[in-house]
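2 protein chains.
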Amino acid sequence: MPATASLIDRLTSLVPAGGVLADPASLFVYEADGFTIARARPAAVVFPTTTAQVVAVVKAIGEAGVQIVPRGSGTGLAGGCVAFENGVIVSTTRMNRILAIDLPNRVAHVEAGVRNIQLSDAVAAVPGGAPWHFAPDPSSQRASTIGGNASTNAGGIHTLKDFVSSNHVLGLEMVLPSGEVLITGGQNGCYESGHFDLPGLICGSEGTFGIITKLWVRLVPRATNFRTVVGMFPSTADACEAVSDVIAAGMLPAAMEMMDGRMIQVIEDAYHFGFPPEAAALILTEIDGIPDLLDAQAADVTAIFNRHHAFGIQTSGDPARRAMLWKARKQAFGAIGKISHSYCTQDACVPRSMLAQVLRKIDEIGREYGLNINNVFHAGDGNIHPIFLYDDRIEAEVQNTLAAAEKILQYCIDLGGTVTGEHGVGVEKIHLMPYLFDELTMAQFVAVKHAFDPEERINAGKLIPSDKVKITLLKPGRQAPQ
Amino acid sequence: MPATASLIDRLTSLVPAGGVLADPASLFVYEADGFTIARARPAAVVFPTTTAQVVAVVKAIGEAGVQIVPRGSGTGLAGGCVAFENGVIVSTTRMNRILAIDLPNRVAHVEAGVRNIQLSDAVAAVPGGAPWHFAPDPSSQRASTIGGNASTNAGGIHTLKDFVSSNHVLGLEMVLPSGEVLITGGQNGCYESGHFDLPGLICGSEGTFGIITKLWVRLVPRATNFRTVVGMFPSTADACEAVSDVIAAGMLPAAMEMMDGRMIQVIEDAYHFGFPPEAAALILTEIDGIPDLLDAQAADVTAIFNRHHAFGIQTSGDPARRAMLWKARKQAFGAIGKISHSYCTQDACVPRSMLAQVLRKIDEIGREYGLNINNVFHAGDGNIHPIFLYDDRIEAEVQNTLAAAEKILQYCIDLGGTVTGEHGVGVEKIHLMPYLFDELTMAQFVAVKHAFDPEERINAGKLIPSDKVKITLLKPGRQAPQ
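Chains as they are written, first to last, in full-length UniProt numbering: chain A, 1 to 482; chain B, 1 to 482.
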């Protein structure tokens, strides 16, 4: 395409040397994010290093009539940053400077490409900074960017206590598809403000409004004293009821994670914690707070676990064991790679009181489609993550995975849940949006999108259906409504 | 106006008997909210009792080409629900049913006209409900509605720990200006969801998008054990630094309220706590949490107070004294009525580290305009409330009040603050929005407004300037840009 060739020349002139990738070998990496079923080759990937360069790049792409596709580290799980129809990816990963750490006002000012863990490490390294951190902790936090966390409104393992990214983003700088630079929200710890909450709206918009270039984020106290309570259960139903009862008792653990029997074995094989093979479910609870009280709280959790037939309960205050348990939990998805050629992580939310029912249904659907489905998820906040094990070289298995995932998501919607807890809609779930939302709500979403991007220049066909960009995935059966 | 007369007939046919007020004596009450400087007589006030009636009413008013003005209890402080140009007020106060209290999922479903305290009282009354409540606690909570709290994104005395209304509103039903019924957000404790955060956007939109008719709100644990620590200070600067140091020490009190010397005397005269006359500032701190630790935390606060020259420090765990202190604090504005013919409460936010500087400036501006200005405010979150004492029968005092308020707000903006912490923009501060926000942000606000209300049928000329409705207040000098 000649238009694309001249666009690439123009982009190359706008960013520092090495800032445009356009050869097929380099582009291969950028064909997908963590949802590898959705693949498309971009026309190019551009790496601006300043907001001014983003402005110039956005104008150039827009004038060429090509879709602008924002991307952070590409750790998303719903295809939100995949460039269909020869779109150009604008990556923020070279905008990775921490601009200010303001401890008195508990705010950090960062470029969008700063990695999640990079910020907390930097805060810990400044004088007096050790007690503070950026709280959202997605499992991808070593790689994922803060701009990407905001775009998907990422949570993490500690979402139960710390909430999601939008609770921690105070202000944003965003380049609109027009090339204008919108600065919105609080910039100095002034949390409240009298106007439409644009930062809150932009969090979770998955790059459909513009490219986030800078953020002002909240720094909150880092917990320093912990107990981990690990309990095994004879059934997932027992485990789910134990989770509900802990919350109903008025406790607010920092995290309550659940794994089913299959997942326990995967973790055990990789990490050798000594988890018993007869466990059908495991709950990993973390309590933090005042040192003198932790043992009593752990005892309360243990008592509730025991009422639900738990066994092998282990309580520990050892930081090394805690670090190992969380490492195992965060790398659980990776460990799956040892036992399955391919896997697909699904993400949905249901009211906490319906968790046991949903897990039964997932098991039933797995048997119906002849699929192994492992579960490791944020039980405390009702956020499930069934993991489908399949082989992507066998078309029938891909189709069964997609069909089973679909049935699970629809079941969650029917129970009053939603199609994503933290990983976004992207292209993966866009066709379910009209099942989840009525026509008026969908029209309202489109109207709000148009308030930022009237010509649908940026990431069209993601999150909300677009007439402009109809996305057809390489693998059939999983595509936007035509 | 004949159009209005026929409209009133039509409205009367749409709601139950007694549901339309149109006689001047009745309308007088609805000429203003708590910002009594902004007054205008509505053409009528309508009281629908169901969402279907709101739909019919909104369509009828819209078809008549008359502005729709939503109103809760009218406790706002910025003229946000005043009906200019013969607008019709749609009041939600007769939609006051609590539809469901779902303790397992910690959610309540209410009509918009349910009063704030009514919900918490109802929750406490159901079996097992005593430990839970709806957390936002504006001083108006005995009167203000939950729909109104959401519209202004109200905070309250415990905002420091509990945050503002948008953190507690999970989902909303809203009648759009078109008459369509938008239902958005989580409805059953499923907090996270993958789409634009419309509930978060609607919170704080001050009735400029539609009429909120129902809400799903979060129920959170009610604190049960407290210490109140009251300390006097020889200067407001000392008090402000003490507040900063408490927060910097990593403590998170449930509330940190400050009063200046004038305000202490007003409270002392009304309630007789025994506060010493030489106190230039008072901080009322509330600590909640685990009973065994409260005394140690209170001692930490006391030590910090002492470092800043505090005197007369009193720590108490007595629930009766606590109730009395909070009653005094919440009724502080009312107590002003004893010493001044009129008063106007201003509302702004600044970074906490700049509180001492702002209070000095307020004092200086007060002297410049020959006005007594009392201060009672949420120090912990940097949310100031200077109260101007004046006599509204003397035009020069009104003008001085407006001019002094203006200077204070501009100073707060210059320091990186904003024009409201919790009371909204309404008509009062609309002319400062272009001073606070750049042109692009203002245009973006308008675009978002138009995504809900393209024809500006509802509450135009509030919050963001409108070409359609230019508001001229009865008192000059305080109006939207022409």
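Hints are computed from structural coordinates only; laboratory data are not their basis.
Just to be clear, a hint being listed does not mean it is correct.
The list makes no distinction among identical chains, and a pair is therefore deemed to hold if it is satisfied within one copy or across any two copies.
Derived SDA-like pairs (lysine to any residue); straight-line CA-CA distance at most 20 Å [what the hints assert, rightly or not]:
#1 K161 <-> H309
#2 K59 <-> T441
#3 K327 <-> Q118
#4 K468 <-> T315
#5 K327 <-> G19
#6 K361 <-> R321
#7 K59 <-> Q118
#8 K361 <-> G261
#9 K468 <-> R10
#10 K161 <-> R222
Quick caveat, the model's predicted, so the values are computed rather than measured.
Point to revise | Hints the structure fails to honour | key: Of the numbered hints given earlier, those the structure breaks are 1, 4, 5, 6, 7, 9, listed in rising order.
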